[in-house]
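In order, the protein sequence lines correspond to chains A and B. Here my numbering = 1-based position in the first sequence + 923. Here my numbering = 1-based position in the second sequence + 20.
Simulated from the structure, these hints should not be mistaken for laboratory data. It cannot be assumed that every hint is accurate.
[Stated by the list, open to error] 20 Å max Cα-Cα, derived SDA-like pairs, lysine to any residue: (1) 50(B) to 72(B); (2) 50(B) to 110(B); (3) 50(B) to 100(B); (4) 126(B) to 88(B); (5) 1016(A) to 92(B); (6) 1016(A) to 94(B); (7) 273(B) to 254(B); (8) 126(B) to 165(B); (9) 1016(A) to 93(B); (10) 50(B) to 92(B); (11) 126(B) to 216(B); (12) 1016(A) to 47(B); (13) 126(B) to 49(B); (14) 126(B) to 1096(A); (15) 273(B) to 256(B); (16) 1016(A) to 88(B); (17) 126(B) to 217(B); (18) 126(B) to 1098(A); (19) 126(B) to 48(B); (20) 1016(A) to 87(B); (21) 50(B) to 85(B); (22) 978(A) to 1110(A); (23) 126(B) to 1099(A); (24) 126(B) to 85(B); (25) 1016(A) to 89(B); (26) 126(B) to 237(B); (27) 126(B) to 254(B); (28) 1016(A) to 1139(A); (29) 1016(A) to 90(B); (30) 1016(A) to 273(B); (31) 978(A) to 965(A); (32) 1016(A) to 1027(A); (33) 126(B) to 50(B); (34) 1016(A) to 1000(A); (35) 126(B) to 1097(A); (36) 978(A) to 1202(A); (37) 1016(A) to 49(B).
Keep in mind that this is a model prediction, so the values were computed, not measured.
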Amino acid sequence: MRRGLAGLVFESLCRGLTFVTCAALISILGLIVVHGVGVITPEFLFGTPTEGMTKGGIFPAIFGTICITLLMIMMALPLGVAAAIYLVEYAGKGLGPRIIRAAVNNLAGVPSIVFGLFGLGFFILFVGRNIDRVLQTGLLFGQPAMLWAAATLAILVLPVVIVSTEEALRGVPVSHREAAFALGATPWQVVRRAVLPQAYPGILTGAILSVSRGAGETAPILFTGCAYFLPRLPLTEFLGIPIINPLDQFMELSYHIFIMATQSTDAQVTRPIQYGTTLVLVTLTFVLNLAAIITRNRFRRRLGAARP
Amino acid sequence: MSPEARARDAAVPAEPKVRIRNLTYAYGAKEVLHDISMDMPERQVTAIIGPSGCGKSTLIKSINRIAEVVSDVSIQGTVHVGDLDVYGPDVDLVELRRRVGMVFQKPNPFPKSIFENAAFGPRLHGVTDRHRLRAIVERSLRQAALWDEVREQLDASALELSGGQQQRLCIARALAVEPEVVLMDEPCSALDPIATARIEELIHELKADYTIVIVTHNMQQAARVSDRTAFMYLGRLVEFDRTDTVFTNPACKETEDYITGRFG
């Protein structure tokens, strides 16, 4: 009888805690939607901030967030996938790879503000300034820019990409590697033709996770490229076509929320903008995730039936 | 079967295609093969039988050097496939594995289309021409007695095939690179009796063109499909002779005990 009671208590406890978790999530999202949805208008989405940033829209911040996330994933994905392929397919089980793995795991635990300071110190002051010195470009590379902010974010999300790619590669059955080797494939052909095609869904999952992680980060871009206020878009012309200028500064949604709430001349007046911006950021992250999940599922279907 | 091949069949023992001399093989410190020497005749079926863990799988995996892909191994002795010194200092593993194909215990088609599975090997070796690939795919699927069942659905996923069809696809995939030797590691252990019978039939047809080495722990299967049978026990080659001799008049007591079901 006592045993039955303990089970009942434990079950209720689990149920209660699950409810608390869900309730917290729902109340946060609910609060954002209730307060934010009224603010969302075409002018808000596609306008620029006006009147000392107490009115107007947030388009530069939306645009900046999309650009920085894309640029980040373009840097983090090849680097992380290459590192994971090396670790899983080539490195073996020696001391070296073990140290690398430990380093990757520790990188995941570093506070994000440290990445921000690292980005400032390494990318801007060291890499950027030295490029300027070598190319004689004055002060072009050695200052905060989208390029460096994206690079900093890329390093932040690198562990996510590496770990999920490693898992995806390990998920490919050994029998498929053997089959490819037995047909006379070189190690690289085995990776390229037998392992990677099957690992794509898992690698994309890593990309999804890193996008969600990176898109909402504020601290790493604080010193490395985002602007308090920049009414124009970070674009430049190349052969008459407007392209993203990675050396420009940019506005970003999470940073915009931060300054609206803490640095604004009148935080009360900008409260609706804060909620609206938050809603847009949450929605944007959600849409990015959704797009990536759809892509991943399409890949999975193309591979045929799911692996047992 | 061509008359030529039949004539070759009659001439036992034929020219050895695979020559193994004093092969000792260890995974790490664990020795699994001890001083094995045997000749596998060309265009015949050599069966290797023995209880689990006797080293029969390792023995055939030493011929195409596939065991060392996933494990750390140490090897003494020599293996020759034709004129190729398998453990020689300047052997090209790609070349070796093109000449020695392998079919594994569990069907392991890639999660790709039937066509892409059969075309995988030729593509690795640089065949890109669509017409040539199609011809190769058709030839190897025909050789594996699968063509008639899949000709209408070459673009369907290989994973939609039944287990027996998947295994024949794996055989087709191995044949597509035109190997000289085909190694089969318990190819029917995951299949039902009907699928097994089809594969055995296929082995009969294939030996006109290929040297086949098959590991099996189904003794009836060894008796049905092979020309010569090797009995292995605890990493040693106990007996190796013509299949009818091994099954009707074995020279060693251990062999007799095993094939009469007294152990194993």
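Does residue 1016(A) pair with residue 47(B) here, judged by a C-alpha cut-off of 20 Å? OK: residue 1016(A) and residue 47(B) at ~16 Å, within 20 Å.
Hey, residue 50(B) versus residue 110(B), does the alpha-carbon distance stay inside 20 Å? Given that 20 Å is the threshold and the Cα spacing comes to 27 Å, the pair is violated.
Has the given pair, residue 50(B) with residue 85(B), been kept, meaning a C-alpha gap of at most 20 Å? Holds, because 18 Å separates the two Cα atoms, which is no more than 20 Å.
Given hint residue 273(B) paired with residue 1016(A) - CA-CA distance at most 20 Å: 44 Å, violated
Would the pair residue 50(B) and residue 100(B) pass a check requiring their Cα atoms to be no farther apart than 20 Å? It is violated: about 24 Å lies between the C-alpha atoms, which goes past 20 Å.
Satisfaction of hint between residue 1096(A) and residue 126(B), Cα-Cα up to 20 Å: Holds. Residue 126(B) to residue 1096(A) sits at ~12 Å (cutoff 20 Å).
Does the structure keep residue 273(B) and residue 256(B) at a Cα separation of 20 Å or less? Answer holds: residue 273(B) to residue 256(B) is near 14 Å, not above 20 Å.
Under the criterion that the straight-line Cα-Cα distance not exceed 20 Å, is the pair residue 1016(A), residue 90(B) satisfied? 12 Å, holds
Between the alpha carbons of residue 1016(A) and residue 49(B), is the straight-line distance 20 Å or under? Given that 20 Å is the threshold and the Cα spacing comes to 17 Å, the pair holds.
Would you check the hint for residue 126(B) and residue 216(B), treating anything up to 20 Å between C-alpha atoms as holding? The given pair, whose Cα atoms are some 13 Å apart, holds under the 20 Å limit.
Against the 20 Å threshold, does the CA-CA distance of residue 1016(A) and residue 1139(A) hold or violate the hint? 36 Å, violated
Restraint status (C-alpha distance of residue 1016(A) to residue 92(B) at most 20 Å): 11 Å, holds
Hints 2, 3, 13, 19, 22, 27, 28, 30, 33, 34 from the list above are not met by this structure, while the remaining hints are.
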